[in-house]
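J.: If you want the building blocks of each chain, they are given just below.
There are 2 protein chains.
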Amino acid sequence: MALPEQDASSQQAFKAYMAQVADQVASFLCDDMAARAKSVPEHLRDTADSYLRQPGKCLRPALLQLCCAAAGGDAQAVLPAAAAVEVYHTWTLVHDDIIDHDAFRRGQPTAHISGAALGRRRWRLSEAAAADYGVSLAILAGDLLQGRALSLLASVPARPALALALARRMSDWLTPELLAGEQLDVELSHCSWEEISEESIMTMMRQKTGALLAFCATTGVALAEDCPPQDSPVAQAMGRCAELCGLAFQIQDDLLGLSGEEVSFGKPIGSDIREGKRTMVMRHAMAYCSAAERRLLTGILGHATASADDIAAVREVVTRTGSDVYARKCSERFLAEALQLLESTLRPTPQRELLRSWIMAMVRRNR
Amino acid sequence: MALPEQDASSQQAFKAYMAQVADQVASFLCDDMAARAKSVPEHLRDTADSYLRQPGKCLRPALLQLCCAAAGGDAQAVLPAAAAVEVYHTWTLVHDDIIDHDAFRRGQPTAHISGAALGRRRWRLSEAAAADYGVSLAILAGDLLQGRALSLLASVPARPALALALARRMSDWLTPELLAGEQLDVELSHCSWEEISEESIMTMMRQKTGALLAFCATTGVALAEDCPPQDSPVAQAMGRCAELCGLAFQIQDDLLGLSGEEVSFGKPIGSDIREGKRTMVMRHAMAYCSAAERRLLTGILGHATASADDIAAVREVVTRTGSDVYARKCSERFLAEALQLLESTLRPTPQRELLRSWIMAMVRRNR
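Protein sequence lines correspond, in order, to chains A and B.
Under our numbering, the residues of the first sequence are numbered 1 to 367, in order.
Under our numbering, the residues of the second sequence are numbered 1 to 367, in order.
Hints listed in this document are in silico derivations from the structure and should not be mistaken for laboratory results.
Since we're looking at a predicted model, the values are computed, not measured.
Among the hints, a few may not be true.
It does not matter which identical chain is meant; a pair holds if it fits inside one copy or across any two.
[Stated by the list, open to error] Straight-line Cα separation of at most 25 Å, SDA-like style, residue types lysine to any residue; simulated pairs:
1) LYS329 / ARG159
2) LYS277 / LEU125
3) LYS38 / GLN340
4) LYS277 / ASP231
5) LYS38 / LEU354
6) LYS277 / ALA308
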C-alpha cells in the first residue's frame, strides 16, 4: 500500500491546531489546579502539578477533540475530557519515570528527583533519605493525578450514562491495558533477546502507547455521537486508527533513536542501544544476523559505556540485516491502514483533514 | 458525655455480621479477579491480587452495607460498592507499604517484598535489581487497584447519575484527601516534636483514616436514598459519625501500640516509639513533660535500638503527664459524639444496633 506525498500547507495547519489545543488545555488545567485540593500539602501539590505546568505537545487532547469534531461534535464542550487524557498521560509518566530511574522529562527534573531536592531543602535530609522522600512524593503525586484524570473525565458535559460509560472504560479497560504494557516493558528488559517474540514487542507497544490513543479517539467520537464507545462502529474504527498510529509512531521513534539526527530528535542517539531497549528493529536484527554479529551485538546492547564506534557497529548490523527497512515498512503499513480507516470512517471535514495531516506527519518523520 | 456499658451479645452479633460481610466480599472479589484483566502479565496480576486474597476484617465494606441497610436500602445490591471500598483501601496499603518500607502485612510479605522475590526467582536478578523490580511491581499493582476500585464503584446498580456522583466523589474528594493525609504523615515524621501541633496530627488522622470511613458511610446512605451524598443530610451526618469513629480508633490504636498487650494487639508493643511515630498521645507527653523528661524522650523516640527499659521509661513519662488519660478521653468524646449522631440520625433498626455495636467495640478495646 503506497503512502501519498506530504503537503506542507496542511502540515502547517496541523501544527497551528496543535498549538491552539495545547494553549487551551494548559489554560484549563491552570484554572483546574487553582480550584482543586486546597487541603493537599504544598510539596505534594507542587509535585503533582509540575508536569502539568510544562505540558507536552498535547497530542492526546488534540486527537480527542479532532475526533469529536470530525464526528460532528462540539470540540470546545469536551475540553474537560481532553484535559483528562492529558492528566492521565501525565500520571503514567510520573510513575514511569520512577520505574525507569529517569532524571529528566521535558527539560525539567522528574517528580522523584525534584521531590528529593525538596526533601534536602525543607527537611535537611541526607542524600539517601531525600531520594526516598522523592520517590514517596512521586508515588503519591502520580496517584493524585490518576484520580484527577478520572475526576475530569467524569465532569465532561454529557448525559450521566455516557459520562459513566467513559469513566468505566477508563478504569475497566484503559488502566489495566496501560499498566500491563508497562509491566511487559519491565519484563522484556529482563528477557534475553532469544526469548522475545515480535508479537510480545507489538503487544507492549499496543498496550503502552496504542491503548491511550485509542481511548482518546473513541472518547471523542462517543461524545460527539452521544453513544457509548463500545456501541459505536465509528468510535471502534477511529480507536483502531489511533492505535495503528501509536504503533507506527513508536516504531519510528525507535528507528530515530538508532539513527536519527540528535539535534532534531531531542534525545541522545544510541541511548536505546546503551539501555538495551527491546525494540522491533533490534529484535529483527538479533534474529537475522550471523553468529559473529550476534556476539558483537550482545557485547554492546545494554552496556552503558558503549562508544560511538560501538553504536556505529550496531547500526551497520541493522542495515546489513535490513532490519531498519523492515521496521520502516511495518510502520508505513500501519499508517496506510490508519489512513484508509480514517477515510472510510469519517466524511470529509476540515477536522478529518487535520487528522490526515497528523498521520502524514508521521510518515518519514525526523523528530 | 458518659459512654454506655458494652453488651456481650450485641458484640457477638456484630462479629458474626462482620464475618459474613468478609465472606461475601472475598467471594465477590474472587469472581471479579477471575473475570478481569486476562491481558495483564502474571506477576502484576498476582501482586495486585495478593492482598485481596488475604482480605482484612472488611470493616469498610461492612460500614457501607450497614449504613445502606440502616437507611432503608438493600445491602446485598450494593455489594459491588462494598467491594470497591475494600479494593480502594487495599490500593492505599500497597503504596503505603512501599513508602513505609514495611515488609509484612496481614502475616504475608508486602507487595514490593514478594515482587522482589519474583524478580530473583523468575529473572535471576541481583538483590538490588530484585528490590527495584519489587518496587516497580508494587507501584503498578497499586495503580491497577486504584483503577479497579473506581471501576467496581461505577458498576454499582444505581441510576447512572448517582453512580457517576459517587465515582466523582471518590476521585474528586476522597483520593486527594487520603493522599494529603499520607503526605502529611510523611512530613510529620520529618518535623521536630516542637513543630507539630495537635491540629496537624488530627488533620492527618482525619484525612488518612477518617476520610475513607466517611466515604463508606455516605456512599451506603446515598445508595439507599438514591440521592447524591452531598444533597443528603443523613449521608452527611453518618459520614461525620464514621469520621469520628476513625479518629477515635486511630487514637486508641496509638494507645495500644504504647501499652497494649502484644498477643492481643498483634504487633510489637513499642514499635511506634522505636519509629518515633507522631501520635496525639506522644505529642501531648512531649508538650507537657519536664525539660529532663524531654531529653529522655528525645533520646529514645525514633531510635530503632531502644530497649524494653527505654520503652518502659517512655510509658512512665506518658503516665506522669497524663497524656494517656488525655488521649483516651479525647477518643471517648469522639465516640460519644458518634453515638449521639447515630441515634439522632437513623431510626432504630437491627442495622443501627450493629453500627452501635461497632462504636461500642472501640470503647476501651484491647486489640
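J.: Next, verify each hint and record whether it holds.
T.: Now for the hints, and whether the structure bears them out:
Proximity of LYS329 to ARG159 under the C-alpha cut-off of 25 Å is found in neither arrangement, the shortest distances being 43 Å within a copy and 49 Å between copies. Taking identical chains as interchangeable, the C-alpha atoms of LYS277 and LEU125 lie at most 25 Å apart only when they sit on different chains, with a minimum of 17 Å there against 34 Å within one chain. Neither within a single protomer nor between protomers do LYS38 and GLN340 lie at most 25 Å apart by alpha-carbon distance, with minima of 48 Å and 31 Å respectively. With identical chains, the CA atoms of LYS277 and ASP231 are never at most 25 Å apart, being 38 Å at best within one copy and 53 Å at best between copies.
Proximity of LYS38 to LEU354 under the C-alpha cut-off of 25 Å is found in neither arrangement, the shortest distances being 39 Å within a copy and 36 Å between copies. Taking CA atoms no more than 25 Å apart as the test, LYS277 paired with ALA308 passes inside one copy only; the shortest distance there is 17 Å, against 52 Å between copies.
When each numbered hint is compared with the structure, violations occur for hints 1, 3, 4, 5.
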